[in-house]
Amino acid sequence: MLKAVDPNTVPAGPPSDWQVTKSFARLTGGFWRGGTAGRAWLWSVALASAIILSVFSNVTVNRWNGWFFDALEKKDGESALIAMAVFPVLVLIAAGLGVVILVSRETFQVHWRAYVTAKLADGWIGERRFYRLGLSGYEPANPEYRIADDVRWATEPVVDFAIGLLSAVITAITFIGILWSIGGSLSVEIRGVAFEIPAYMVLAAIVYAVLVSGLITWVGRPLPRLIAARNEGEARLRFSLMRIRDHGETIALSRAETGERRAVAATYDTLVTRWLAMIRQRGRLTWITNGSGALVPVVPLLLAAPKYLSGEMSLGDVVQVAAAFVAVQNAFNWVLDNFMRIAEWLASARRVNELAVALHAIEEGAAESDIAVLTSDGGGLRLDDLTLTDRDGRTLLADFSTVLPAGATLHVAGELGHGKAALIQAVAGLWPWGRGAVALPEGARLAVLPQHLHLSEGSLRAALDPIGGHSDDEAAAALRHYGLSGLVPQIDLSRDWDKALTTGDRQRLALARTELAAPDILVLDEATSGLETEAALDLLSRLRAARPQAVMLLIGQSPGFAEAADHHLTMRRAGGVARVASSDAPRPAALAETGAG
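For any residue, its number in my numbering is found by taking its place in the sequence shown, counting from 1, and adding 916.
If you are wondering where the hints come from, they were derived from the structure by calculation, not from laboratory data. Don't take every hint at face value.
Across the chosen pairs, the derived CB separations fall in these ranges [to be verified]:
id: 1; residue 1: 998; residue 2: 1257; range: 23 to 31 Å
id: 2; residue 1: 1037; residue 2: 1155; range: 17 to 25 Å
id: 3; residue 1: 1478; residue 2: 1042; range: 36 to 44 Å
Every residue gets a Cβ at the ideal spot worked out from N, C-alpha and C, and that includes glycine.
Let the sequences and hints guide you as you build the complete structure.
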């Protein structure tokens, strides 16, 4: 049964950054389980191993610096030459590990993104949730952008964060050992009182990193919110421009381009305002990051200078300690260096989570529809006391009842208003608001033929036979059967058929596609409006001959509908509510079917 979304299933306020992180982990963690587990763990282990080896290669290079500069200070030419001979080997090893990290990282990113994209795309497209989300009123803005772009920005950085964090932890531990062993303690005398600062280089590195990281975190707190607002503004601008392209003909004919230009300008002004707010915040952060970047190389030299001048450290020791201090500083400042990327990731992860929550709410919402979906007997369609309302409870269509046996054709005419769309969607199992019952044959295939058939860009064959279960001869025969013989030679040609075909030809194609699909229930919504009456009657009779036992529901005033039907029903509106004014169609005497949902 179709469920409406319960507002209680949708979070009332924005989740915290920590909640976003946990929700994203639950959403994407299935990559390491099930059918993708082997691939996920293979690249995870390969990447982690390469990172660990890369850190130790950096430690080796650090020790090589001490060896080489000590040899220079002692003017030991033989030792310096050996060090120079060893260095190309170290470079080769570091370069090889870099290649392994690159390939492992990017391969992992591609596979992980593919998993998350497929999960969200299947959830959005499957069970017609892309449409049901719009009906529910809880659809997040631009879900297609979230699947196409935000998934990428929410998965790729996580891999880089994991690499950086693992490398930072190992680097900090390893190079702190170097600072501890080489830097030692510092003896200080103040007013005749001598005391010793143990592991002073380690303490200096930690204190410096904590102070700078804390300052960055405090100043940069608003940044994730500003980035999320900017991304939303970008999506809205893209949507506004796509809307003009999609409705170009209507806008051009009605000369409404001035209003559209104003709407786009207003959207862009909002986007500019959000960009400028983010730029100002980034400017504040840059004061800290640039200042820290200038200080980091100098601080260890200043700290090591007293011990070097006193002879407690060699030149090689100073070089080693300075490099180790910078390495530890970079490791501790991992959050500082990645603050912008973390903020951008949180914004994208939040948008991905919102789509996942909305999709989950569609299926798990507590407020179920009172429209019962039942199983009918004898291959017929039955609508019993069907009353349909909108989301706010206003009645659109009231007390609609009819029973149509297999092979019957009912023409519904008159004043339906918004009740027409609600009736069609209720029969299709999409309308969640109202009461009554819809009974369909068990396992029945239902097809809705709209007035304007949407055709995806691609081959005509794909538009005619989306599932691909028919031969070339069957596809060509269907085109000829419905007056599209001229398109047979172009059946495998890929183009934008939505624009290439006239309204009448798209309607002919819809009828041909319906015959190939062989549905049991057909709902035609103004589906012959682009045809002459004689042509429409001919095509409807062909469809009826192809599906003699199918139930056909013809809704609207399209040519041929009244003549092709064996039952007629007229609607009238009063106070915005459509009701049955007259009908020669049979009404159900009692609800005798068994429930199926």
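So, going through the hints one by one against the coordinates:
1. 998 - 1257: 23 to 31 Å: This hint is violated: roughly 42 Å between Cβ atoms.
2. 1037 - 1155: 17 to 25 Å: Roughly 19 Å apart at Cβ, these two residues keep to the hinted range, so it holds.
3. 1478 - 1042: 36 to 44 Å: Holds, since residue 1478 and residue 1042 (Cβ atoms, about 38 Å apart) stay within the stated range.
Hint 1 alone, counting from the list given before, is not met by this structure.
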